[in-house]
Amino acid sequence: MRHYFGNKWAIAAFALPALLLYSLVVSYPVVQSLYRSFFEWDGIGAGTFNGLSNYAELFRDPLLATSLRNGGIFALVLVVFQIGLGTILALVCADIKIKGRKVLKVGYFIPVVLSVTVVCQLWIAIYDPTNGLVNRLFELVGIPYRQNWLTSPAVSIIAIAFVNAWQFMGYQFSLLYAGIKSIPEQYVEAAIIDGCTKWGAHRRITIPLMAETFKFCLIVAITGGIGAFVQMLIMTSGGPGTTNFTLTYMIYRYAFSEFEYGYACAVSVFLVAISLLATVIINRLFRQERMTY
Amino acid sequence: MLTRIKPGSILLQGLLWIYFIVSVYPLFWMITYSLKNNDQIFVTNPFGIPLHMHFENYVHAWEQFNVPRYFVNSLVVSAISTCGILLLSVMFAYTVARMEWRLREAARIYMIIGMFIPLQVIMIPLAILVKNFHLTNTYGALIVPYIAFGLPFSSLIFYGFMRTIPVELEESACMDGASIYRTFFRIIVPIVRPAVATIAIFQFLGAWNEFLLAYILISDEAMKTLPLGLLFFQGQYSTDWGGMGAVMTIASLPMVVMFLFFSDQVERALTVGSAVKG
Numbered sequence: 017m018r019h020y021f022g023n024k025w026a027i028a029a030f031a032l033p034a035l036l037l038y039s040l041v042v043s044y045p046v047v048q049s050l051y052r053s054f055f056e057w058d059g060i061g062a063g064t065f066n067g068l069s070n071y072a073e074l075f076r077d078p079l080l081a082t083s084l085r086n087g088g089i090f091a092l093v094l095v096v097f098q099i100g101l102g103t104i105l106a107l108v109c110a111d112i113k114i115k116g117r118k119v120l121k122v123g124y125f126i127p128v129v130l131s132v133t134v135v136c137q138l139w140i141a142i143y144d145p146t147n148g149l150v151n152r153l154f155e156l157v158g159i160p161y162r163q164n165w166l167t168s169p170a171v172s173i174i175a176i177a178f179v180n181a182w183q184f185m186g187y188q189f190s191l192l193y194a195g196i197k198s199i200p201e202q203y204v205e206a207a208i209i210d211g212c213t214k215w216g217a218h219r220r221i222t223i224p225l226m227a228e229t230f231k232f233c234l235i236v237a238i239t240g241g242i243g244a245f246v247q248m249l250i251m252t253s254g255g256p257g258t259t260n261f262t263l264t265y266m267i268y269r270y271a272f273s274e275f276e277y278g279y280a281c282a283v284s285v286f287l288v289a290i291s292l293l294a295t296v297i298i299n300r301l302f303r304q305e306r307m308t309y
Numbered sequence: 552m553l554t555r556i557k558p559g560s561i562l563l564q565g566l567l568w569i570y571f572i573v574s575v576y577p578l579f580w581m582i583t584y585s586l587k588n589n590d591q592i593f594v595t596n597p598f599g600i601p602l603h604m605h606f607e608n609y610v611h612a613w614e615q616f617n618v619p620r621y622f623v624n625s626l627v628v629s630a631i632s633t634c635g636i637l638l639l640s641v642m643f644a645y646t647v648a649r650m651e652w653r654l655r656e657a658a659r660i661y662m663i664i665g666m667f668i669p670l671q672v673i674m675i676p677l678a679i680l681v682k683n684f685h686l687t688n689t690y691g692a693l694i695v696p697y698i699a700f701g702l703p704f705s706s707l708i709f710y711g712f713m714r715t716i717p718v719e720l721e722e723s724a725c726m727d728g729a730s731i732y733r734t735f736f737r738i739i740v741p742i743v744r745p746a747v748a749t750i751a752i753f754q755f756l757g758a759w760n761e762f763l764l765a766y767i768l769i770s771d772e773a774m775k776t777l778p779l780g781l782l783f784f785q786g787q788y789s790t791d792w793g794g795m796g797a798v799m800t801i802a803s804l805p806m807v808v809m810f811l812f813f814s815d816q817v818e819r820a821l822t823v824g825s826a827v828k829g
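In order, the protein sequences belong to chains A and B. Once you know that position 217 of the first sequence is 233 in the working numbering, the rest is easy, because the numbers rise by one and skip nothing. Once you know that position 175 of the second sequence is 726 in the working numbering, the rest is easy, because the numbers rise by one and skip nothing.
Source of the hints: derived by calculation from the structure; they are not laboratory data. Each hint should be verified, as a subset may be incorrect.
[As the list claims (entries may be wrong)] One-sided excerpt, in silico: chain A residues whose CB lies under 8 Å from chain B:
#1 Ile-27
#2 Ser-190
#3 Gly-243
#4 Leu-287
[What the hints assert, rightly or not] Derived CB-CB ranges, DEER-like:
#5 Leu-292/A x Leu-654/B: 24 to 32 Å
#6 Pro-717/B x Arg-85/A: 33 to 41 Å
#7 Gly-255/A x Glu-772/B: 24 to 32 Å
#8 Ser-723/B x Glu-205/A: 24 to 32 Å
#9 Trp-215/A x Phe-579/B: 27 to 35 Å
#10 Cys-212/A x Ile-561/B: 16 to 24 Å
Using N, Cα and C, we set each Cβ at its ideal position, and we do this for glycine too.
This is chain A alone, in the form it adopts within the complex:
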């Protein structure tokens, strides 16, 4: 068997195509981004080495504060809406004897399979100040709260984040639902027999046991929020002005319309660092959680 599984030619033929392609398209660009973040570079010539000055410039860039703030708000909306509301919906859906559970789950999931372009343009119409669904609905029930949802700086970032939260709610819901279903029913039943209320049992048993699921959902939501881009691009072009900029939007603008590739690479390295930091912190939090339990 040794020469059979140790067949050098077969190993090369099977492994090399994947490894080479992956190295060329994924690894090489990552290294290149890191390397070029220390250069003043327009993407064509050799560029000039300028040490850490791209990073120094980044921390003086007023767009950075805007982008971090927006990334934070975006992530917060996703966490509250998808994980907060999603957990409640998943618990109820898993618990109650309910007709049409299948229909509910399909309905929640449908927006996930739609193209982000369709979803964003649909919501542009929904947010339309005069003819949109939201303002019309407020009008119908007599609430005089009309808004230019996408052009007023105060609410537009939340309105945009909500679109993303709405589209991928079904995804997070499925993860949470699967997490709940993976816990043996006897645990909750035993607690109820011991005199716990249904919701008390969920709070003390189901939710702590779902730590792994929550960890993954949080990482997806928070890194997704920090890296958000497409919704801003389609719905407001990052505006009004630069109020809806995010880190990815900065990368996009500096690289592809101002041709400051070196600086844009520094922003992208910073984005990765922030995402990694968030992931590490979430992992830490959940490790402590498990020890106390």
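Once you've looked at the hints, dock chain B against the given chain A.
Below, chain B alone, put in the same frame as chain A:
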């Protein structure tokens, strides 16, 4: 399942159905306005079912816009990418799951790291790479990166699957004199077919809806995929809501129909990543 029907549970069920409406009504609204004229959309009947069907919106949309073109582009790119990912990752996974070579553990970890690399840090050098290889505005500009990005996830799923196959299968094939290639394609590949379905759905859907890379790498009208092509209706035809609705409905229909038929498989395929990444 201990609870009997109580007022509280009716309230909670109500919550589930309210969110169901929040989730589905915008799409229903899009389909209804795709069948209305502006008078109905804006003035007489903004919320409900269209009173007079305006199917001409669809005829217009199909004739005027490049929808069939975008459709074909999306189909070609997604189908070839999916096949490429399947082929390369099943071969790679086999070498790290079974074959004996010195760097196999290193190769496996090297590949897994790819799942944690955000697209944003790759996109600038990748755009330059694509330009240098003269791939800009070709199918290759999307297919090659899509295959590469799909490899880590798919390899990991195949790897997990192959570890569960008893090695005796290959041993007996070896005794019978089959070459390693023959064993791989005739025995291993048919066994991992369930994983193929999961990965194919996941990758096809991902490529079909991919926006960011396509936006950066494709500018030629004739090469645009659906997510990209649809983007320009907003600016150009922002007063023709009916037409826009029709185009967006046409573009969404295939995916939604596919999902309705295979909802369980699609859901499983899209959420299986959690087990891997977490």
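Against the structure, the hints:
no.	hint	in the structure
1	Ile-27	5 Å, holds
2	Ser-190	5 Å, holds
3	Gly-243	6 Å, holds
4	Leu-287	5 Å, holds
5	Leu-292/A x Leu-654/B: 24 to 32 Å	26 Å, holds
6	Pro-717/B x Arg-85/A: 33 to 41 Å	55 Å, violated
7	Gly-255/A x Glu-772/B: 24 to 32 Å	25 Å, holds
8	Ser-723/B x Glu-205/A: 24 to 32 Å	47 Å, violated
9	Trp-215/A x Phe-579/B: 27 to 35 Å	33 Å, holds
10	Cys-212/A x Ile-561/B: 16 to 24 Å	22 Å, holds
The earlier numbered hints that this structure contradicts are 6, 8.
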